[in-house]
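The listed protein sequences correspond, in order, to chains G and Y.
Following my numbering, the numbering of the first sequence begins with 1 at its first residue and continues without gaps.
Following my numbering, the numbering of the second sequence begins with 1 at its first residue and continues without gaps.
To be clear, the hints were calculated from the coordinates, so they are not data collected in a lab.
Hints should not be assumed to be uniformly reliable.
Computed beta-carbon distance windows for the label pairs [said to hold, decoys possible]:
| id | chain 1 | residue 1 | chain 2 | residue 2 | range |
| --- | --- | --- | --- | --- | --- |
| 1 | Y | Y17 | G | R63 | 42 to 52 Å |
| 2 | G | D185 | Y | Y11 | 41 to 51 Å |
| 3 | Y | E138 | G | E29 | 39 to 49 Å |
| 4 | Y | L13 | G | R334 | 47 to 57 Å |
| 5 | G | G170 | Y | Q89 | 32 to 42 Å |
| 6 | G | R168 | Y | Y17 | 32 to 42 Å |
We treat Cβ as the ideally placed atom computed from N, Cα and C, and that holds for glycine.
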Amino acid sequence: MADHRRRVAVVGVGQLPFRSRHPDRQFYELAYDAGRLALDDAGISVDDVDTMFHSIYCEPMMRQQIADNYVQDYLGLADKEGIRVAAGASTGGHAFRAAYAEVMSGLSDVVLLVGVQKSTDVVDPVTGDRGDGMMLAQGLSCDMTWCHPFTVLPPAMWAFIVQQHMERWGTTVEQIAMAAVKAHDNALTNPYAQLRYPLTVEQVLNSRLIAWPHTMYMCCLYGEGACGIVLMSEERARELTDKPVWVAGAAAVSGTTRLERPPELEGRIPAVGAAADIAYERAGITDPEDAFDVVELHDITSGIELVTYEELRLCKPGESGRLIDEGAVMKSGRIPVNPSGGRVACGHIAGVSEVYSIGEVALQLREQAAERQVNVTRGRGVIETMGSGIASQAAVIVLEREEAA
Amino acid sequence: MSEFFEAPYKYTLEYAYSYGGISRFFAELRDNARFVASHCPGCGKTLVPPVADCAGCRRETEWVPVPSTATVVSATYCYHLPAGHPLHQKVDIPYILGIVQLDETDSWLMALIVEEDMILNNVKRGDRVEAVFRAEREGKVTDFYFVPIEQSK
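The task is simple: from the sequences and hints, build the whole structure.
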């Protein structure tokens with residue numbers, strides 16, 4: 001069969017700062033802001049867009065179902081094609097994978113992908129607390145029969161994975177705390193980060209215990225915002241830029257929603273591993289330990305970050321603690337992970353964070369990441385997004401420059 | 001920050017939710033205070049949470065009784081739960097979010113583990129536990145909780 005697949009470029013990046021709340025903008029207004037920034041960055045107008053993709057996770061948080069319909073109209077794209085994708089905190093990764101296939105297939109030449117989520121207009125009915133209201137709203141992503149009656153907090157639901165990692169390989173709470181410290185150090189140079197203050201290992205360990213081993217500072221922030229990306233066919237991209245960032249490969253996986261797992265999968269996140277293997281095969285990556293200048297991954301908790309190094313094949317199973325100890329994942333290290341500050345310090349809201357991470361790696365490869373710029377030698381970066389009931393939906397995306405080694 | 005105006009909006013949904021093909025599990029739980037599991041005659045897997053259909057074998061499962069004793073797979077000591085969450089009607093915070101393997105099953109089940117002392121990580125993997133069925137049951141996984149009967153070494 002003839003291979004008609006086309007090269008796809010990321011040409012426009014639009015980011016808004018992560019904030020606990022953007023009370024002065026409604027969801028479609030935030031989407032408008034981010035979409036405009038992405039179109040401006042690409043150097044095109046809204047009329048150039050063939051199809052819009054929507055990365056929108058959660059209706060109860062937003063107080064609006066089919067939010068994509070309202071967003072697309074407000075952006076001036078009524079009566080053009082528009083498709084929404086939702087997949088927990090992998091929503092943006094899954095949506096990007098769909099948008100990439102859209103351009104690759106030739107159905108569209110120019111796609112605008114916007115992730116948006118309002119999340120702190122919802123309040124806890126007892127206390128009025130917005131963070132708890134948000135947790136209750138996103139809780140409908142849990143298995144409603146078998147999990148939701150017990151908790152709605154990912155740091156609690158996913159703690160068993162981290163505990164198994166600690167039991168199986170001797171990973172320590174100090175190593176997990178070191179990942180949180182790294183996140184906060186990196187966020188210091190990111191003007192879009194929600195928390196910008198340094199922490200020590202002791203401060204992380206002594207912060208409020210949420211669900212063992214996860215303390216407050218090891219858990220992702222929740223906030224709201226919007227981010228946009230413009231994807232283009234090679235032909236259109238070359239008209240606009242001589243430095244396109246190419247999509248080398250992408251995969252979006254739906255994993256098991258059951259808890260039981262064989263011994264060899266204890267302390268692991270199989271959906272992430274599967275997404276990495278598929279994406280790397282598509283990208284022709286054979287040695288992921290030495291393939292990337294930058295990694296932006298979903299540290300929903302800092303414990304989950306360590307497990308994710310292994311699922312992204314940045315090291316062998318059980319070796320993530322060593323990667324932290326050696327400093328390999330620091331901004332100046334061999335494999336910089338989350339120079340943005342990641343979900344723990346930069347900020348998190350499903351649907352938006354993932355699009356942010358993709359844009360962040362594109363900016364790094366364009367060497368436009370200002371103070372958080374890493375050293376680009378290989379010309380390639382990877383994004384991982386993960387979420388849902390039992391860490392069970394994940395996407396992995398590989399971006400590279402023209403001259404990637 | 002520019003000006004904004006906000007107003008309250010309250011909207012409540014209620015469900016009368018059907019458990020479909022696994023209704024028997026919840027009927028046995030509510031009416032007889034006992035566990036039944038789904039058993040696949042093809043692969044031999046016995047599961048709680050049960051399934052009506054075994055996708056791999058393309059077989060309908062059968063119901064089999066299973067004991068109310070179990071082994072702890074993990075015990076997560078939880079120190080936060082939003083005030084509006086219904087679990088507050090059942091337990092005090094902190095509480096133990098357990099994953100247990102019911103005896104004679106091949107599956108893991110999320111469940112409450114209740115222990116008086118609440119000394120961090122005192123309940124751990126390998127501990128033996130037994131289900132206590134609440135007097136008031138409505139056919140939900142919060143109708144029961146586990147208590148320790150034997151600590152692992």
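Exercise. Which numbered conditions among the earlier hints are violated in the structure presented, ordered from lowest to highest?
Worked result: 1
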